[in-house]
Amino acid sequence: MLGAGGIGCKGDPLPPDLTVQNANRLPTRLAQGPNWRFYVSDARIGSVFIYGPDLSLVGELKQLDRPLGVVVDALGQIYVGNDGRDNVEVYSSAGVKLREIGTGAIRMPNDLDLDEDGNLYVVDSLNDTVRVFDASGVWLRDIGSAGDGTGELSFPAAVAIAYRSGSDEVYVADQGHARIQVYDLQGAFLRGFGSEVGAFSGDWQGKFVKLQSLAIDEFGRLHAADSYLNRIQVLDPDTGAYLDSYGSFGTSAGELNVPLDIAIAFWGSTVVANSGNRTVENLFAPPQP
Amino acid sequence: MSRTPIIRGAVIAAIGIAAFLSLPPTVAQGLSPPHDASNGIGCEDCHSGHGGGMFDGLIPRGAEQEALCKSCHNPTGQASTMVDVGNHEVDAGTLTIDCGSCHETHGPYQTTDPHTGQTADNLKLVRGDTAKYLPAAQEPAIFQQRPDHFSFDTGPFTGICQSCHTSTNYHANDGTDPHHNLGSVCTTCHLHENGFAPGGCTGCHDQAQGPRRQVSAAGGDFERASHHVRGTVEDGDCITCHYSYGGQHMQMSCGNASCHEANSIHRIIHTVDSGAGSQLMLTAAGYEGSYQKPDFTPELETVSGHIGSQQLAVTFKQGQDGIGIYTREDLSGALAPDDFWLFDVDGDNPKAVTGVVHTAGAYAATLILDTPLTAADLGRDILAVRPRTIWDWYAGGYQNAATGTIGAQAVSAGPWPAVVTGPAPVGLVKTAYAGSQIRVFFNEAVYGTGAGGAIQSSDLVLSNCAGRAIVSIDHLAGDSTATLTLDSPLTLGDLGACSVAAAAASVSDAYGNHAGSTSVALSLSDECPIGATSFQFDEAAGSPYAFDEQYRYVGTVSNPATSLPGDGLFHGDENQATPTVIDFDNSLACLKEANTITVEALLRTDDVDLDYDGPSDLTPGDQDATRNATFSRVFERKRTIKITIMRADYAGDNVDSRAGRARVEVKYFVDAASRHSCPHPQWPDDTYQGNDSRWHQVSTDIDAYPLLSDHWYKIRVVFNSAKTRIPIDIWVDDLGTDDPAVNPDVGEWWPGFINIAMPDPQDSSSCRWGALPGDVIALEDQASHVGAPPGHTSAYVMKGQIDWISWKPEADYTGVDDGPHY
Chain Z
0 MLGAGGIGCK
10 GDPLPPDLTV
20 QNANRLPTRL
30 AQGPNWRFYV
40 SDARIGSVFI
50 YGPDLSLVGE
60 LKQLDRPLGV
70 VVDALGQIYV
80 GNDGRDNVEV
90 YSSAGVKLRE
100 IGTGAIRMPN
110 DLDLDEDGNL
120 YVVDSLNDTV
130 RVFDASGVWL
140 RDIGSAGDGT
150 GELSFPAAVA
160 IAYRSGSDEV
170 YVADQGHARI
180 QVYDLQGAFL
190 RGFGSEVGAF
200 SGDWQGKFVK
210 LQSLAIDEFG
220 RLHAADSYLN
230 RIQVLDPDTG
240 AYLDSYGSFG
250 TSAGELNVPL
260 DIAIAFWGST
270 VVANSGNRTV
280 ENLFAPPQP
Chain L
0 MSRTPIIRGA
10 VIAAIGIAAF
20 LSLPPTVAQG
30 LSPPHDASNG
40 IGCEDCHSGH
50 GGGMFDGLIP
60 RGAEQEALCK
70 SCHNPTGQAS
80 TMVDVGNHEV
90 DAGTLTIDCG
100 SCHETHGPYQ
110 TTDPHTGQTA
120 DNLKLVRGDT
130 AKYLPAAQEP
140 AIFQQRPDHF
150 SFDTGPFTGI
160 CQSCHTSTNY
170 HANDGTDPHH
180 NLGSVCTTCH
190 LHENGFAPGG
200 CTGCHDQAQG
210 PRRQVSAAGG
220 DFERASHHVR
230 GTVEDGDCIT
240 CHYSYGGQHM
250 QMSCGNASCH
260 EANSIHRIIH
270 TVDSGAGSQL
280 MLTAAGYEGS
290 YQKPDFTPEL
300 ETVSGHIGSQ
310 QLAVTFKQGQ
320 DGIGIYTRED
330 LSGALAPDDF
340 WLFDVDGDNP
350 KAVTGVVHTA
360 GAYAATLILD
370 TPLTAADLGR
380 DILAVRPRTI
390 WDWYAGGYQN
400 AATGTIGAQA
410 VSAGPWPAVV
420 TGPAPVGLVK
430 TAYAGSQIRV
440 FFNEAVYGTG
450 AGGAIQSSDL
460 VLSNCAGRAI
470 VSIDHLAGDS
480 TATLTLDSPL
490 TLGDLGACSV
500 AAAAASVSDA
510 YGNHAGSTSV
520 ALSLSDECPI
530 GATSFQFDEA
540 AGSPYAFDEQ
550 YRYVGTVSNP
560 ATSLPGDGLF
570 HGDENQATPT
580 VIDFDNSLAC
590 LKEANTITVE
600 ALLRTDDVDL
610 DYDGPSDLTP
620 GDQDATRNAT
630 FSRVFERKRT
640 IKITIMRADY
650 AGDNVDSRAG
660 RARVEVKYFV
670 DAASRHSCPH
680 PQWPDDTYQG
690 NDSRWHQVST
700 DIDAYPLLSD
710 HWYKIRVVFN
720 SAKTRIPIDI
730 WVDDLGTDDP
740 AVNPDVGEWW
750 PGFINIAMPD
760 PQDSSSCRWG
770 ALPGDVIALE
780 DQASHVGAPP
790 GHTSAYVMKG
800 QIDWISWKPE
810 ADYTGVDDGP
820 HY
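Residue numbers (numbering that gives the first Met the number 0), protein chains in the order written: chain Z, 0 to 288; chain L, 0 to 821.
Worth flagging that the hints you see were computed from the coordinates, not collected in a lab.
Incorrect hints may appear among the rest.
List time: in silico BS3-like cross-link candidates among lysine-lysine, alpha-carbon distance up to 30 Å [to be verified]: (1) L:Lys722 with Z:Lys96; (2) L:Lys713 with L:Lys666; (3) L:Lys666 with L:Lys722; (4) Z:Lys96 with Z:Lys61; (5) L:Lys350 with Z:Lys61.
Isolated chain Z (complex conformation):
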């Protein structure tokens, strides 16, 4: 009901450092930031592309090496897992490089998330762990380690932090074991669920082949995207029970083709880095409970 005057962050101009010079050729990982923008890494171009809430391209953070995971804090600072430099680089909202985190200690910063205290969670797929740093870059702990046992990881691909019962929980996509491992913020294993779809089997509900990314929706439900099944499953965060699914393979708009990351938009729909179709798309909101 308010008039247009004096309202809006959407149209705020980006500083020149973020002018768009390339097209997003390989949407890789994405995150939502303040002002309703989406930040999508492109490991091929070497940039993080910035989209407005209508998914129009508004900016480009350039000259990254091979950016994978990306997350944006409330100040608009952009954390980029730079696979080519084996670290996480932090840029101001204006695109000015502020600091590096984890240089030398990270081999493949595949996905990032932040907890309420500003601690950074780095999925290091090749080190089979999630490294946790404080905001200044001091290493705090690892969550999970290489192995096939309970709470151990094999090529973890994604992390999502959810508010649960007064304390946050860390969900890790354990791609190598086709399962989801849940820890508390200190790294204590809480529970796990999921298994691999059997060879020549069509029984996929609650199971995975290439568990690629995780997101928590407004209702606390877990959304798990599988880049092989080209499908997003909605799971009970306590039990992993299959609740629903959406998306199917295809090369047309609204269809999934090697989805590399998902995020639940503020308005409830799912934004997907649909790498095979080279698009960043807004999918229909999943059914509500």
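Fit chain L to the supplied structure of chain Z, relying on the hints for placement.
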């Protein structure tokens, strides 16, 4: 990687997969590196229920197979160092050569090079039996070493590229011209990730290719002082000078043909003759003439625009054997904005092509621009077709088009383009209905015949409007909107009937073009109010709509009253089975993305001091702990902001309800960027709130400042994200009626400001539910309501009357006695 292969081994043995897939004898049976347990790969990694039932475990073909491979061969996957993969689209997209056509993933394929007799494994798991999926291929395909085995210059022509090629210009398996860049790595220019298509100008010229120079990228020719292209060179830059046609581009020699006249790129005389009849003439007056090319090449023939218009009319030359212009090489598809490149030569008015009106095959199209053309653009701007983007047919081959110029012909002040997709020509666009006023919109600045260029009554014509006449018109010369006042109020029957048109030769734009005479009928406005506005609910009795004072925000009255009573009040009453609601869903764009809001209402809530559970509850004070009727929704912008009068007498609130207290509660929706995830002190088990966007709430202090009696209160809510602490302030003015000196039976009184009964925002144990600095109300495209929202009419009924509601897009602290509260 440490994936266990134990189960996988059992699966292999049980299924007997080698026989199942009929592998060729030269390939290892079962799994072998790299697609085996050494990388944690088992059968199920490729042979699972792909897509959930659409695939039975066998490898799919085509795009699905590409997706399957890319589930690992992507930057985030286990094969992240080998991501340059992709299907090979050939024969104008009619044939897809998928990964398995050239690669055998179960193991290396051993071949013998017929040229040397050497026996070795093919590299990159390239299969030798390429005829398995491509019968015309020559086997065995040889790829034992790079770059020599991409293509042989003597037969048999079985290099990996040659093996299958039967219709390419170069390197076909019949020996057709094997010398094109022989010895080069084919995939340098023909990128595998592009399906081996050449990657445009910069895809090849960003490095030296044999005798070809490096033009772009660091160290390229354009870093030299004599070249005027700087920074990142894109394909569009190249065709400024190197026009592209027929899959080739024009060579250019600056040494032979002077590019520059008098030190300015804007004054170029640049004559190029490629030897194939191509010629471009650029003169001091701009780009003139046309680009003469062979008859068979599709090209822009004319490009014309109109000053002030956001359209370009283009025609294409119909070449020899032409069958039409298409966007795809297989001669299908209408043209799209990406097919064009628009260069603003002097940089005074940059613009982009945002839309194209084109029927596949047509030789004419209309381009929609994001910015109107100016006089300086004509004769200067260049419209080009991007290389290899549009296609026609000629004598056996597809050709892509080249360039034309804006202003090749003198453009006079003629009619506007006929196509009105996108920005409309001068003309009526929209009207809004309310009261006696009509708002008329034009798509650009307009002038009338009145004093100083303003529109006057005679410039507009009313039709089918029950004999009403225009009394006055509020318009300033150069404004794109005008407000008409009629001699009598409009009625519902006027919607869709009464219409407005421009009178002949009356309304015009800055260039003297007259508006069209199309009539546009009245419709409800979908505009948002500008600045401060208010609802007075003073529409005439029987009106089914409620308007803001600007007649822009229009709400529909419903349930059960379908019209307003005419007494200037909104009556909410849960005694009705379906209480009255005003639904503002026709103005979805309003009240979004708000950093600052002030909402104020004058209202009276009934029965605050009664423990009222609904129409059947006739026993005050019985302490029924029923949540119904404890909420009175004043206003709600769905998922944006809610203002509620809430009785605190239901279980769990720990407030003595016998006195019948209420508080003002404000909820506002905050995006995840400023989420607060601390537990609520009273609902610690509230676990399913997620960590994303959520409602936050603040309320007045029900103990210190309860709302007690049934009389008028003025409530003001100010949301201001720029505050350094709490972004919400609430004031409740009891208008003096609660002063004990005035009303001793009530006993409540306060000076005006009411504290926000929220937790200390610095207290991390309870911050989640409160308001924090920097909060910005999130946007949401949903309706607004006064009264109970549809779907919750039983629980959120507004019980009482609202005299008015006002709002403004700013934080208004004027008139409050002790705020803002930092």
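Going through the hints against the structure:
| no. | hint | verdict |
| --- | --- | --- |
| 1 | L:Lys722 with Z:Lys96 | holds (28 Å) |
| 2 | L:Lys713 with L:Lys666 | holds (18 Å) |
| 3 | L:Lys666 with L:Lys722 | holds (17 Å) |
| 4 | Z:Lys96 with Z:Lys61 | holds (11 Å) |
| 5 | L:Lys350 with Z:Lys61 | holds (24 Å) |
Consistency note: the structure conflicts with none of the earlier hints.
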